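Trainee: In case you want the letters, here they are:
Protein chains: 4
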Amino acid sequence: MTIPKDKLLRSEELGEYVTNMFATNMPFIDLLGMKMIYQGTERAEVHLPWKDNLMGNPIQKVLHGGVTAAILDTVGGLMAILHAVAEMDNVTLEEFHHRVGKMSTIDMRIDYLRPGKGEKFIATAEVIRKGSRVAVCRMELHNESGTHIAFGTGTYMIA
Amino acid sequence: MTIPKDKLLRSEELGEYVTNMFATNMPFIDLLGMKMIYQGTERAEVHLPWKDNLMGNPIQKVLHGGVTAAILDTVGGLMAILHAVAEMDNVTLEEFHHRVGKMSTIDMRIDYLRPGKGEKFIATAEVIRKGSRVAVCRMELHNESGTHIAFGTGTYMIA
Amino acid sequence: MTIPKDKLLRSEELGEYVTNMFATNMPFIDLLGMKMIYQGTERAEVHLPWKDNLMGNPIQKVLHGGVTAAILDTVGGLMAILHAVAEMDNVTLEEFHHRVGKMSTIDMRIDYLRPGKGEKFIATAEVIRKGSRVAVCRMELHNESGTHIAFGTGTYMIA
Amino acid sequence: MTIPKDKLLRSEELGEYVTNMFATNMPFIDLLGMKMIYQGTERAEVHLPWKDNLMGNPIQKVLHGGVTAAILDTVGGLMAILHAVAEMDNVTLEEFHHRVGKMSTIDMRIDYLRPGKGEKFIATAEVIRKGSRVAVCRMELHNESGTHIAFGTGTYMIA
Chain A
1333 MTIPKDKLLR
1343 SEELGEYVTN
1353 MFATNMPFID
1363 LLGMKMIYQG
1373 TERAEVHLPW
1383 KDNLMGNPIQ
1393 KVLHGGVTAA
1403 ILDTVGGLMA
1413 ILHAVAEMDN
1423 VTLEEFHHRV
1433 GKMSTIDMRI
1443 DYLRPGKGEK
1453 FIATAEVIRK
1463 GSRVAVCRME
1473 LHNESGTHIA
1483 FGTGTYMIA
Chain B
1333 MTIPKDKLLR
1343 SEELGEYVTN
1353 MFATNMPFID
1363 LLGMKMIYQG
1373 TERAEVHLPW
1383 KDNLMGNPIQ
1393 KVLHGGVTAA
1403 ILDTVGGLMA
1413 ILHAVAEMDN
1423 VTLEEFHHRV
1433 GKMSTIDMRI
1443 DYLRPGKGEK
1453 FIATAEVIRK
1463 GSRVAVCRME
1473 LHNESGTHIA
1483 FGTGTYMIA
Chain C
1333 MTIPKDKLLR
1343 SEELGEYVTN
1353 MFATNMPFID
1363 LLGMKMIYQG
1373 TERAEVHLPW
1383 KDNLMGNPIQ
1393 KVLHGGVTAA
1403 ILDTVGGLMA
1413 ILHAVAEMDN
1423 VTLEEFHHRV
1433 GKMSTIDMRI
1443 DYLRPGKGEK
1453 FIATAEVIRK
1463 GSRVAVCRME
1473 LHNESGTHIA
1483 FGTGTYMIA
Chain D
1333 MTIPKDKLLR
1343 SEELGEYVTN
1353 MFATNMPFID
1363 LLGMKMIYQG
1373 TERAEVHLPW
1383 KDNLMGNPIQ
1393 KVLHGGVTAA
1403 ILDTVGGLMA
1413 ILHAVAEMDN
1423 VTLEEFHHRV
1433 GKMSTIDMRI
1443 DYLRPGKGEK
1453 FIATAEVIRK
1463 GSRVAVCRME
1473 LHNESGTHIA
1483 FGTGTYMIA
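Each protein sequence line maps, in turn, to chains A, B, C and D. Per this note's numbering, residue 1333 is the first one in the first sequence, and the count goes up by one each step. Per this note's numbering, residue 1333 is the first one in the second sequence, and the count goes up by one each step. Per this note's numbering, residue 1333 is the first one in the third sequence, and the count goes up by one each step. Per this note's numbering, residue 1333 is the first one in the fourth sequence, and the count goes up by one each step.
Next comes chain A alone, as it looks inside the complex:
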């Protein structure tokens, strides 16, 4: 996907672009094997297939707590950017990157509800506090059978 630097992009196009950027441009996301699923700018979704090197305790065969935190931070951060993107329209990539460069996680809470067992994990996020500078997202992690593994709450600087 090559987009001319000065093309004016609609909110939808920016949403797809940023989701694709997460998928292809962030080495740690690739190391874990996360897949970004674009679903518009109102909701974010990230998938993670089980791999043995994501294990914490090998006796229990469950995800390391850090993997859970990493996928929840990723889906929350993606959601926060999509929320910012939803307000943008007719923006060039250059202007968009100028804004994205300042985005960062301020804080995050993870509640571990059940052991991270499964073959595939699905993380979702939605915005619970909207703002032009700060967005607060609520995140959830389920496995392929719908077992609820963890809750997250993240506060993100978006401008």
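Just so you know, these hints were derived from the structure itself, not from any lab. All figures in this text were calculated on a predicted structure; none of them were measured in a lab. It is possible that part of the hints are untrue.
No copy is singled out in the list; a pair is fine if it fits within one copy or between any two copies.
What the hints assert, rightly or not - Straight line, CA to CA, 20 Å or less: simulated SDA-like cross-link-like pairs of lysine to any residue:
id, residue 1, residue 2
1, K1462, H1379
2, K1367, Y1349
3, K1434, A1491
4, K1393, S1436
5, K1462, M1435
Please arrange chains B, C and D on chain A, whose structure you already have, making use of the hints.
Mentor: Frame of chain A; chains B, C and D shown alone:
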């Protein structure tokens, strides 16, 4: 290190054993390249050398927020187990594993203070709420120059 | 409500008893004007009518953030006890008080979503992580028109 | 303290002014009996003498968890404003109020370390993440003997 199953271990020996178990037995810790540093049962320390595949945003060349969360959860969890171990004495490995099997993170908060830039990262933890069933740990992440990158607080089930 | 000390109480009776105890026996709950609403052992609800002395900033005429935290801690703590009570049956008051004496909040996170404006505030809670020793509750605060004011998450020692 | 609306105030004067405003102008702070202690713009301190109506559980004779949350939110919020004030100089009260009107708590975590027993409680705060729009504060609550009762972390919108 092979220890007979029925040998009675002192607190110090268990501390070294569990630190070594984290180092050699947890695939995700290995994937990231974390090193466990044993320093007795009062304080936990984990080191992480920079690797390009730990990056989030490649423009900024900083740690992905999930890496920060993962190393803080690891050092906090190790600290919580060491705290439990400090109360154990003359315990066999079998009994020890029986107890460790129930340990888990209940919740964790991360405060991201500064971008995760550096060549080596040092995570430390101490216990702020002691208990026989639940321990609360305070964690910190610094880089090799002493820049303070993140704070963490984790609540761990230890029995 | 006078209950003989050695009477064996069912879970339902204990639930009503503990809700009543919160309502009549906790001076701070009375100072703020909170009303405990008993709804069985699966869900907790606390109401708070607006009073001028609950204000933080008088220009905005909104609840002080500490009031929001206090009502969410109260409804979460009540929920955690009700959850423990749901597992008890044929228990005397003496035994019940022996257990309740050890209950305490370990940690709590509040997310302030919107200014605390309204004439009456409704706090609700449910358990998201069940356990015999620790329960994690999710709490919400709304006003009388259904405006969502705050989220809370609390980790409670229940035994 | 009457200050002409168009007088240009120095950072120090604004710090004293805002501390005084918390003390005299916030009904809930008065209801609990908190005292604001001005100590410059680098550190905030709030005192709270014990009163029976701040009790949660009357058997244990300890502060209700909501009181702890309220005083920590107050000292953290004061600190966040003082931090913003430290960057202001030659500002009129009108301009100052225009900015303060937008300040609010985004989220807060409380870690309850020990029962809130004592005759007088001292809450302190410092800024751990500085920014022009968002400040993150670390708060602590001790009693008059130096017993550490609680930790807090709060994220505040300051512009």
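Trainee: Of all the hints given earlier, name the ones this structure violates by number, lowest first.
Mentor: Checked against the structure, the only hint that fails is number 1, while the rest are satisfied.
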